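Participant: Below, each chain spelled out in residue letters.
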Amino acid sequence: MMARHERFSHFRRHLTFAAVLALGFVLAGFPGAQAALQVRVDQGVTEPIPLAIPDFLGAGQSGKDVATVVRADLERSGLFRSLNPASFIEKITDINTPPRFGDWRTIQAQGLVTGQSSLQPDGRLKVDFRLWDIFGESQMVGLQFTTTPENWRRIAHLVSDSIYERITGEKGYFDTRIVFISESGPKLNRRKRLAVMDQDGANPVFLTQGDYLVLTPRFNPTAQMIAYMSYIQNRPRVYLFDLETGRQEVLGNFPNMTFSPRFSPDGKSVVMALETNGNSEIYIMDLATRTSKRLTNDPAIDTAPSFSPDGKQITFESNRGGSQQVYVMNADGSNVHRISFGQGKNGTPVWSPRGDLIAFTKITPDYFGVGVMRPDGSGERLLTHGWQDEGPSWAPNGRVIMFTRTLQAGAGGVGAGSQIWSVDITGRNERRVLSPGDASDPAWSPLIQ
Amino acid sequence: MIASGVLHVMVIAAATVAWPHAIEQSEEIPSVVPVDLVTIADVTNIAPSAQETPKAETPPEPTPPQPQAAAPPPPQAEVAPPEPDKPSPPKEEQKNASAPPNPVRPRRKPAPDQQKFDVDTVLALLDKRAPKPPPAPPPPPNAKPAETTVKGLGAQDAFTMDLKDALLAQMRECWNVPVGAPNPEQLIVQVRVFLAQDGSLAQPPSLEPASRAAAAANPYMRTAAEAALRAVSVCEPYKRLPPNKYDAWREIVMTFDPSKMIGR
Chain A
0 MMARHERFSH FRRHLTFAAV LALGFVLAGF PGAQAALQVR VDQGVTEPIP
50 LAIPDFLGAG QSGKDVATVV RADLERSGLF RSLNPASFIE KITDINTPPR
100 FGDWRTIQAQ GLVTGQSSLQ PDGRLKVDFR LWDIFGESQM VGLQFTTTPE
150 NWRRIAHLVS DSIYERITGE KGYFDTRIVF ISESGPKLNR RKRLAVMDQD
200 GANPVFLTQG DYLVLTPRFN PTAQMIAYMS YIQNRPRVYL FDLETGRQEV
250 LGNFPNMTFS PRFSPDGKSV VMALETNGNS EIYIMDLATR TSKRLTNDPA
300 IDTAPSFSPD GKQITFESNR GGSQQVYVMN ADGSNVHRIS FGQGKNGTPV
350 WSPRGDLIAF TKITPDYFGV GVMRPDGSGE RLLTHGWQDE GPSWAPNGRV
400 IMFTRTLQAG AGGVGAGSQI WSVDITGRNE RRVLSPGDAS DPAWSPLIQ
Chain B
0 MIASGVLHVM VIAAATVAWP HAIEQSEEIP SVVPVDLVTI ADVTNIAPSA
50 QETPKAETPP EPTPPQPQAA APPPPQAEVA PPEPDKPSPP KEEQKNASAP
100 PNPVRPRRKP APDQQKFDVD TVLALLDKRA PKPPPAPPPP PNAKPAETTV
150 KGLGAQDAFT MDLKDALLAQ MRECWNVPVG APNPEQLIVQ VRVFLAQDGS
200 LAQPPSLEPA SRAAAAANPY MRTAAEAALR AVSVCEPYKR LPPNKYDAWR
250 EIVMTFDPSK MIGR
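Going line by line, the protein sequences match chains A and B. Start counting the first sequence at 0; every next residue gets the next number (numbering that gives the first Met the number 0). Start counting the second sequence at 0; every next residue gets the next number (numbering that gives the first Met the number 0).
The hints are simulated quantities; they were obtained by calculation from the structure and are not laboratory data. The model shown is predicted, which means the values in this text are computed figures rather than measured ones. Heads up, the beta-carbon is just placed ideally off N, CA and C, and yes, glycines get one too. Please note: incorrect hints may appear among the correct ones.
Said to hold, decoys possible - Capping the alpha-carbon separation at 16 Å, the derived lysine to aspartate or glutamate pairs in EDC-like fashion look like this:
#1 K163(B) <-> D93(A)
#2 K244(B) <-> D197(B)
#3 K238(B) <-> E184(B)
#4 K259(B) <-> D355(A)
Stated by the list, open to error - Using C-beta positions, here's what the derived DEER-type ranges look like:
#5 N182(B) <-> A299(A): 33 to 39 Å
#6 R427(A) <-> N182(B): 14 to 20 Å
#7 N296(A) <-> K259(B): 43 to 49 Å
#8 K259(B) <-> R189(A): 44 to 50 Å
#9 P148(A) <-> D164(B): 42 to 48 Å
#10 F340(A) <-> P181(B): 19 to 25 Å
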């Protein structure tokens, strides 16, 4: 009995010991008892993400060329920084095995792009690539493209788009083209030609020979058709240019000047301005039936229309309020209201393909700049500031804007000229777009189908 | 994770100590288990308790004129806030955990009357971690919550502010804010971070459930979430955090809010 009692007592002591010990630990700062520290991080940096992009594997030059274009694309976006290949520790020899993530972390890479190009038995070029998350130690995307060898630049742009989209969450814009006005010759006898090139300035092609003045070219949603204004036979009118056939045609049979054309989001119609007796109004023309309808009716100048991406609204510029400002109306012309109230005049509004912003040109006595505002006119921000920055055009992802920058002539007229520049909608990463000679009035194509 | 494992081990150990013992064996297992527990307890718990120990040493001087127990505790709590700004003395005394008992002993004298419990062994163990004079009257298990609660009112605030400042100073260099998305001010992401005592990540950072769901549904949120997770990894190791306050920063929920980084 005694023994049993002692044993029970012994057991109780141990039980108490264990329970109290456990309780003591819990109460003495075990993490479960300690609430997580709450921290609100509201400051950071906006720096390019460092990526390692070694030359793609494969015989010949194509792997190296593709990687070079990918590096250039991503760097130009301002969102990525391509690390110096000389710093790479691991030499990629097989893109089908995971890289040594530690080696890439050591050189501060946050992403790694590995790729391989090869010529197929049928003569086509095949390019595989993988994007690796260095910290997550996982593959973020892996794709394969096949095309004719001459098309290798497009493959490179598609690779860039895939990387851009996977990391930023929005579509890329590298597999796109730009239509613009190429300018050459003396100031008093300027030769202006319609031209297209890849968004990185490669593959420039002149569409017209400069016999007639051309202005304001705009792509249709399939990037196969261009609407623009030309002074053919000294009659300024809107024309259509079919890139596939090279065929041009005048749009509509209006007695007076038509200008400032732009396609609707579905590509089935074109909005433009029609001038009559010193007054211009906005019209919309159905491309299938070639019937037109007037949308504005005001003695002031209404011009530069641009559809919202959903096709329900149109932004345009008008001086009906006494000065050149940005307005918005429904697609049928109703509910016209002014949205720009900032300093100076504001014109050439263009609705973002994303729908969230309207880009415009700000005109003041001291400078021209390109800015953005929300469709209700709020949140106006000036992105660029120059002697003459004007004519914004959106990248298809609504993230980047191209515009014309005209340089002020220095002494003796030296240094004057027009260039195409681009800027991120954050106002960062302003850079010149390479073009053959002077260039103006760029219009970005949609992503090529 | 480590601590969680420790608790599991401990609970299992406690069970092994108690129940199996009831069944048969009794003497060998207890002597083994506490070794692990005490060792880990030293690591995890001594820091906070040791810091408060020195605070207890300074008050004892005014204590004599105020023999009653009710009065002394409040001043300690109020004095506490400024003290955390001087972390060096606590560290020293923490290391000399065996030495401090000398000044503390006088206070222990009245305590023994109340310490006539069946858990003498446990008290001995806990006393090593918390040789604090004021909470001596109550039983040891209550001593801990008293420490965090009483001292936390003032000291924790100032201290956590310092911690947050240190973290923010580091995070702002690592967080690459995705400001180009539409409505970027809405891309708020919460990440839970577990740190090891050396400031390294104890495990990969993870999205809080709401952020994880949002990231799965929206590519912009996914981008924001990945940027936040990347920031946590890029910032490793977190060397600006005081090691002796490890318990306060071992688990962190970081809320990444880009609204102040927009609209230049």
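Participant: Each of the hints needs a verdict: does it hold here or not?
Facilitator: Status of each hint after checking the structure:
no., hint, result
1, K163(B) <-> D93(A), "violated (44 Å)"
2, K244(B) <-> D197(B), "holds (12 Å)"
3, K238(B) <-> E184(B), "violated (30 Å)"
4, K259(B) <-> D355(A), "violated (19 Å)"
5, N182(B) <-> A299(A): 33 to 39 Å, "holds (34 Å)"
6, R427(A) <-> N182(B): 14 to 20 Å, "holds (18 Å)"
7, N296(A) <-> K259(B): 43 to 49 Å, "holds (45 Å)"
8, K259(B) <-> R189(A): 44 to 50 Å, "holds (47 Å)"
9, P148(A) <-> D164(B): 42 to 48 Å, "violated (58 Å)"
10, F340(A) <-> P181(B): 19 to 25 Å, "holds (23 Å)"
Hint compliance for this structure: hints 1, 3, 4 and 9 are not met, and every other hint is.
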